[in-house]
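Colleague: Per full-length UniProt numbering, the very first residue in the sequence shown carries number 1; after that it's consecutive.
Just so you know, not all the hints are guaranteed correct.
Claimed, not checked - In silico EDC-like links for lysine to aspartate or glutamate, alpha-carbon gap of 16 Å or less: (1) Lys403 <-> Asp381; (2) Lys606 <-> Asp567; (3) Lys403 <-> Asp466; (4) Lys167 <-> Asp107; (5) Lys65 <-> Asp107; (6) Lys570 <-> Asp514; (7) Lys76 <-> Asp107; (8) Lys65 <-> Asp131; (9) Lys251 <-> Glu216; (10) Lys606 <-> Asp574; (11) Lys65 <-> Glu46; (12) Lys474 <-> Asp287; (13) Lys592 <-> Glu683; (14) Lys592 <-> Glu697; (15) Lys167 <-> Asp66; (16) Lys511 <-> Asp574.
Unchecked claim - Just the calculated beta-carbon pair ranges, DEER-fashion: (17) Asn201 <-> Gly97: 45 to 55 Å; (18) Ser686 <-> Phe467: 41 to 51 Å; (19) Gln101 <-> Ser128: 15 to 25 Å; (20) Gly97 <-> Met423: 14 to 24 Å.
If you're looking for bench data, these hints aren't it; they were derived computationally from the structure.
Bear in mind the structure is a predicted one, so any value in this text is a computation, not a measurement.
From the three backbone atoms N, C-alpha and C, an ideal C-beta is built for every residue, glycine too.
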Amino acid sequence: MLIHATLPISPQTPAPAKKWSTLSGNEPLVIARGGFTGLFPEGSSEAIRLSKEISIFLCNVQFTKDAGAFCVTGVKLDAATTIALFDPNQKTYNINGKDVQGHFMVDYTASQIDHNVSMNQAIFSRPSFYDGLSPVLNVDGILSSKTPPRLWLNVQYEAFYDQHGVKLVDKVLELLRHYTIDFVSSPEIGFLRSLSGKVRNKTKFVFQFLNASDVEPTTTLPYGTIVKDLAAIRSYSSGIMVPKEYIWPVKPDNYLGPLTTLVSDAHKQGLEVYASGFANDFFSSYDYNYDPTAEYLQFIAKDESVDGLVTDFPSTASNSIACFALNNTLPKKGNSIILELLGVIDLTNKTRKDANAFAFAGQPLIISNNGASGVYPGSTDLAYQQAIDDGADIIDCSVQMTKDGIPFCSNTADLMADTTAAMTKFMSRTSNIPEIQPNSGIFSFDLTWNEIQTLQPQISTPLGSDFQRNPANKNSGKFVTLSEFLELAKDKAVTGILINIENAAYLASKKGLDIVGAVTTALSNATFDKQATQQVLIQSDDSSVLSKYKDIPSYKRVLLVENEIGDAPKNTVDEIKKYAEAVNLRKTSVVKASGSLLSGMTNVVKEMKDANLTVFVHTLRNEFISLAFDYWSDPNVEIATYIHSAKVDGIVTDFPATTSRYLRSPCSDLNNVVTILPAKAGELESTVLPTLLPPAEAPLPPLEVGNIVDPPLPAVVNDNPPATPSSPPPSCACANDTNLGLFIVAIIVLLINLTL
1 MLIHATLPIS PQTPAPAKKW STLSGNEPLV IARGGFTGLF PEGSSEAIRL
51 SKEISIFLCN VQFTKDAGAF CVTGVKLDAA TTIALFDPNQ KTYNINGKDV
101 QGHFMVDYTA SQIDHNVSMN QAIFSRPSFY DGLSPVLNVD GILSSKTPPR
151 LWLNVQYEAF YDQHGVKLVD KVLELLRHYT IDFVSSPEIG FLRSLSGKVR
201 NKTKFVFQFL NASDVEPTTT LPYGTIVKDL AAIRSYSSGI MVPKEYIWPV
251 KPDNYLGPLT TLVSDAHKQG LEVYASGFAN DFFSSYDYNY DPTAEYLQFI
301 AKDESVDGLV TDFPSTASNS IACFALNNTL PKKGNSIILE LLGVIDLTNK
351 TRKDANAFAF AGQPLIISNN GASGVYPGST DLAYQQAIDD GADIIDCSVQ
401 MTKDGIPFCS NTADLMADTT AAMTKFMSRT SNIPEIQPNS GIFSFDLTWN
451 EIQTLQPQIS TPLGSDFQRN PANKNSGKFV TLSEFLELAK DKAVTGILIN
501 IENAAYLASK KGLDIVGAVT TALSNATFDK QATQQVLIQS DDSSVLSKYK
551 DIPSYKRVLL VENEIGDAPK NTVDEIKKYA EAVNLRKTSV VKASGSLLSG
601 MTNVVKEMKD ANLTVFVHTL RNEFISLAFD YWSDPNVEIA TYIHSAKVDG
651 IVTDFPATTS RYLRSPCSDL NNVVTILPAK AGELESTVLP TLLPPAEAPL
701 PPLEVGNIVD PPLPAVVNDN PPATPSSPPP SCACANDTNL GLFIVAIIVL
751 LINLTL
């Protein structure tokens, strides 16, 4: 149950040994704080089981008044246990010079803890479904089991326990005499010195550094001072455990500072280095673009690697070591998919295919979403170049029109969403156009190209202001015309391009703008209609737009289905085939989600592919808040799920680098010695008590024929006519993403101007 980490799938010839720059030359260790605490409460049976085969179990030990040893991080019990239900009264103690209020293990007996207290998830953004279900982990209990995990014991607060009659040195020595413990660490020099020479087994002692400004109790020196004398540490320790910022500092602006020499300096002294503080769901630095694997790889580089990673998500750390580190996962030129894009040959079955369809050999396509819009403002020159550098097979342009008829690339016609338009003189151009979106906006077709160029692009924050993207470059890059986009695609020899066309009927009937004609002309001028080396995908939610490209065989048409659907009946799929060779689905139309849990898979992909339609899915993102708990806050697991379980043909993503690295790693192959297995939708949900699950949601509706077929495109008017009754709504009734925050700001600015 719930195993979709890096796992061996069958006995095979082992891969050649890698050469690591750790002190021992072996691969870095993974140390799991309390087990798999990114999902389950610390020390719970599931947390231990999921981490046991891929990591060492780190127990932050606390002691009872009768010297019982239990695994709970910190010195208090309040956040991580149900202690308040057993004893509502808190106490206050002075610990290392600070008054601390709460419930303390030392006030209870081991029997009281064993029989009355359970574990909770201590970090409130993580699942609370398992709170109160597991006892507090007893160290003697886990070590005396038939198959105990490899154990790392971290010991702290010797003076505090000594005041309460618990002799830490004696208790730890007793544990070491009875059990095999791989590591013992402590942030207290006096404690480690007391153990020196008293242990004859192979247990390693590690000095733990706390924050640089914190004071070490024995010497009363700040840890930032102690780290400057590594030679002295070697006399009582074989290694050091440091917050990861000691190695890669993070500046106040949340970007990385220069790499320190700590790892190399420690290795010169014969000290191993263990970096701590890793968690997929903790923000670390904008340099990592919310990709936890990118952060791990920063610490296990080929020329200088730490000796171990202390983490709440051991699977991702293990993946980073086994799948990505020291492997060539950089983007490669070309993609075997292009061999089959013309749709005539099925390379897998070596047969001819329906000439109106196209399928993919090899790996799924990586399709950018407005370029690498997670790194730079979307649809800018920098976003497109980044997408190409990061390994996107297909770069995309959502075409918008200016007032003077210039087609350019932008995610939406509303300039308030992804530009600085809301803070400019163009507020007077605000209008309300229900045919395009429910809220008012400043629309590209009401400004000339020269006027738009006076604006700055603005990076999107689709998951809210708490998840900003690359703020140092939030206004970087320049807007790109469709012609410039096509020129870039040809110069960089990308596998293909995707041109998204929206609002064609409105632009023709209300603004006198022929977006279909503008796209067709630009493609022809760039000779994309006369070549077969680069694939052209024409995407739209409007069947009438797609019909305009039916007679251009070198273009392949993609129907964008923005609404969530749960089924694709045969008559609907047959109707789609009249207009498109592929569909682009929302990811929740493929893998169903209920709250923060996956609830199952739909049959939509199979129904589409059975009809020889290619299926893309959108939009995958790195931010952990966009990931169901089933994915373990790891975008690689989500990618694996859509590729191997859903079997989609292409991934549309804000972060092409993440998908590219996964697809080019050996672990993307389910037949490899080790592989990243997909999540099993509904499996995690089945472990949750029914009373704790969110209310059942209504079934997703099927995709109907009426959702597909649109009225013919109206003629292009010569000038702007007076207001007329609205034309029928588009079939897909697609939702447009808008930035409500910018809209409110815009209205406030407008009201202020009107009152001046």
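Colleague: Now tell me, hint by hint, if it's right for this structure.
Modeller: Structure-based check of all given hints:
1. A hinted pair counts as satisfied when its Cα atoms are at most 16 Å apart, and Lys403 with Asp381 does not qualify at roughly 22 Å.
2. A hinted pair counts as satisfied when its Cα atoms are at most 16 Å apart, and Lys606 with Asp567 qualifies at roughly 10 Å.
3. Simply put, Lys403 and Asp466 have alpha-carbon atoms about 35 Å apart, too far for the 16 Å limit, and the pair is violated.
4. In summary, the hint linking Lys167 to Asp107 is supported, as the alpha carbons are separated by about 15 Å, within the 16 Å threshold.
5. A C-alpha spacing of about 6 Å is found between Lys65 and Asp107, which places the hinted pair at or below 16 Å, so the restraint holds.
6. Annotation: proposed proximity of Lys570 to Asp514 is violated, straight-line Cα distance about 34 Å (limit 16 Å).
7. Taking the CA atoms of Lys76 and Asp107, the gap is near 11 Å; set against the 16 Å cutoff, the hint holds.
8. Proximity of Lys65 to Asp131 is assessed by CA-CA distance (about 25 Å); at most 16 Å being required, the pair is judged violated.
9. Note on Lys251 and Glu216: the hinted pairing is violated, with a Cα-Cα distance of about 24 Å set against a maximum of 16 Å.
10. Distance check on the hinted pair: Lys606 and Asp574 sit about 14 Å apart at the alpha-carbon level, within 16 Å; holds.
11. At roughly 28 Å between alpha-carbon atoms, Lys65 and Glu46 are farther apart than 16 Å, so this suggested pair is violated.
12. As the CA atoms of Lys474 and Asp287 are separated by approximately 13 Å, the hinted pair is consistent with the 16 Å bound.
13. A threshold of 16 Å between alpha carbons decides the hint, and for Lys592 with Glu683 the separation of about 12 Å falls inside it, so the pair holds.
14. With a C-alpha separation of about 10 Å, the suggested pair Lys592 and Glu697 falls inside the 16 Å cut-off, and the hint holds.
15. Only pairs whose Cα atoms come within 16 Å are accepted, and Lys167 paired with Asp66 is accepted, the gap being roughly 10 Å.
16. Restraint check for Lys511 and Asp574: the C-alpha separation of about 34 Å exceeds 16 Å, so the hint is violated.
17. Taken as a hint, the range 45 to 55 Å is violated for the pair Asn201 and Gly97, whose Cβ atoms sit roughly 35 Å apart.
18. At about 30 Å, the CB distance of Ser686 to Phe467 disagrees with the hint of 41 to 51 Å.
19. A hinted range of 15 to 25 Å for the beta carbons of Gln101 and Ser128 is consistent with their spacing of about 24 Å.
20. For the hinted restraint 14 to 24 Å between Gly97 and Met423, the CB-CB distance of approximately 49 Å leaves it violated.
Violated hints, in rising order: 1, 3, 6, 8, 9, 11, 16, 17, 18 and 20; the structure is consistent with all others.
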